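Peer 1: Protein sequence lines, in the order shown, are assigned to chains A and B.
The numbering of the first sequence is this note's numbering, which starts it at 1 and goes up by one.
The numbering of the second sequence is this note's numbering, which starts it at 1001 and goes up by one.
Keep in mind that the hints were calculated from the coordinates and are not lab data.
Please note that a few of the clues may not be correct.
Over 10 angstroms on every C-beta distance to chain B, these chain A residues come out as not near it, computed from the model [stated by the list, open to error]: (1) Q36; (2) E111; (3) A126.
The following residues of chain B were derived to be distant from chain A, with all beta-carbon distances above 10 angstroms [what the hints assert, rightly or not]: (4) S1161; (5) P1168; (6) N1172; (7) T1216.
Chain A side only, calculated, beta carbon under 7 angstroms to chain B, not exhaustive [unchecked claim]: (8) H37; (9) T51; (10) A204.
In this text the structure is predicted, and so the values were computed from the model without any measurement.
Beta carbons are placed, not taken as given, at the ideal position from N, Cα and C, and that holds for glycine.
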Amino acid sequence: MVCRLLGDSAVLVEVGNRVDDATAQNVQALTEALAQHPFAGVVDIVPAYTTVAVHFDPIRIGGHCPSKLVQAWIERTCSDIRPVSQSGPREWLVPVVYGGEAGPDLAWVAEHLGQDEAEIVRRHCAPSYTVRAIGFSPGFPYLAGLPETLRTPRRATPRTQVPAGSVGIAGAQAGIYPQATPGGWNILGRTELRLFDPERRPPALLRVGDRVRFEPVPREAHV
Amino acid sequence: MIEVLKPGIFTTLQDLGRPGWQSQGVPEGGAIDRMALRVANLILGNREDAVGLECTLRGPVLRFSEPGWIAVTGARVAGFPWLRPRAVAGGEVLDLEEILGGARMYVGFAGGLEVPRVLDSASALVSSGWEGMAGRVLRAGDVIELRTPEMLPSRLQRSWSVSARLFPPMTNPAVLRAIPGPQAEWFSPHAHRIWQEQVFEVSLRSNRMGLRLQGTPVLRTAGPELVSEAVAFGSVQVPADGQPIVLSADRQTLGGYPKIANVISADRSVVAQLRPGGHVRFVLVSPESAHDLVVRQESALASLRAGLAAIA
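All chains should be built: construct the whole structure from the sequences, respecting the hints.
Peer 2: In structure tokens form, the structure reads like this:
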């Protein structure tokens, strides 16, 4: 584990250097341990694929070198890491309307991969995905676990507006757009699940470590 | 009540943002020139985190239906008092269009503004898709309610102003002091020399997400792709084209480009005030001096706070 300075108000902890399940579990364990041992002046703890960032207010941390105090706290906490929640990861079933207006790129993806649309849907619904990071936009989950047989390039021209709930893929990644935003991923379908609600605490539905499966629902059911 | 007659180029409601929600993918947001907004609020006797207007390059024209007090900070506005209170009469129309010098002007309102909040902040995040003013720039015809101040400081009636020395000086080229970033060693000594010795031009494509710079490319030697990780205000990202981006208030919470450096907190106002076409260079400093500088800036603000309290 290596700590690096991310400016004078954040420290970046490199938990591992491989994007895999073991690193993801260590990222999650460190994130949970830090949250359980609060340190006054720490503003935010942001996990990602292989790192955990700790944002802090240098004035509130105080001392001659605040980042050293924060690093010392991280190291102390590391010695007290417990295995991630014994109950296992949280699991979500996400209902998706595939194709048509809800999934404007399903036909292109099918053609690009030389399959029919039903086969693309079957492949997309087959695996259990893992949330590896929340970012890009509020509540956006980066999902690992996309089958090799579903890899496609991003759209050459990003869309200026992707509707909320759009379920997309790009390269080896899968995700769900919580809000209407510009986006360059291939959109296979749409879910009515609210991935981000500013009134909810926490506002993001999913968190790093959660498991996600997709399930097709008929188009009519959502009209 | 304030009516927006002309909105300006990019005028938004801003307070000090949403610093605690980055784990949820929510950008920190808030005033880019935090010091300018805090000073506008201090002048008027508001809480330092009260919401004001952030106006970029060209400001708005506003009509006040009732009398009040405002303060203009950050960049100057032609024909308008700067860094001191200004009384506004009921029915008065304020022309704040011509912004001089810097890129961003801030308007504070005594008592603050009555506006909806999302995640404990009124700051507009235009990329969010949120409804109402938290998700967009101001438009002509918008109406904003003024809050009645609990108590107006008597100093508003007297003649005084805040020293501009509270803010880092704007030189030409402007100077951004920075400490090495998490991927500094991904760049060759040659690339570091280019990065530190050249004067960059600020691109027109700069916005609240980041300050985009143009110049001789800062190319990294071949190596692994960075796996997306958290970024911070002032992170200097270098994409494959070698043109650095200094991340600003509305940056996404994660980024996938290597970060050669990170601008220090004390130079945040410089990032905010650089105009497209302006020139800037980087100077490397130690983490210790970055800390000394932010402490010094904060204690200057504390002295201002105490000084204003003393004149009531």
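Peer 1: Each of the hints needs a verdict: does it hold here or not?
Peer 2: Checked hints:
For Q36 (chain A), the non-interface assignment is confirmed: its Cβ lies about 14 angstroms from the closest Cβ of chain B, beyond the 10 angstroms cut-off. Look at E111 (chain A): its CB is around 28 angstroms from the nearest CB on chain B, clear of 10 angstroms, so calling it non-interface holds up. Non-interface status of A126 (chain A) relative to chain B is upheld: no Cβ of that chain comes within 10 angstroms, the nearest being about 25 angstroms off. Its beta-carbon lying about 26 angstroms from the closest one in chain A, S1161 (chain B) satisfies the requirement of being farther than 10 angstroms from that chain.
Remark: the non-interface label on P1168 (chain B) is consistent with the geometry, its nearest Cβ contact in chain A lying 15 angstroms away (cut-off 10 angstroms). Remark: the non-interface label on N1172 (chain B) is consistent with the geometry, its nearest Cβ contact in chain A lying 25 angstroms away (cut-off 10 angstroms). The Cβ of T1216 (chain B) lies farther than 10 angstroms from every Cβ of chain A, with a closest approach of about 25 angstroms, so its non-interface assignment holds. The interface hint given for H37 (chain A) is violated, since its Cβ lies 16 angstroms from the closest Cβ of chain B, which is over the 7 angstroms cut-off.
The interface hint given for T51 (chain A) holds, since its Cβ lies 4 angstroms from the closest Cβ of chain B, which is under the 7 angstroms cut-off. Given hint, A204 (chain A) at the interface with chain B, holds; its Cβ is 4 angstroms from that chain's nearest Cβ, closer than 7 angstroms.
In the structure shown, a violation is registered for the earlier hint numbered 8 alone.
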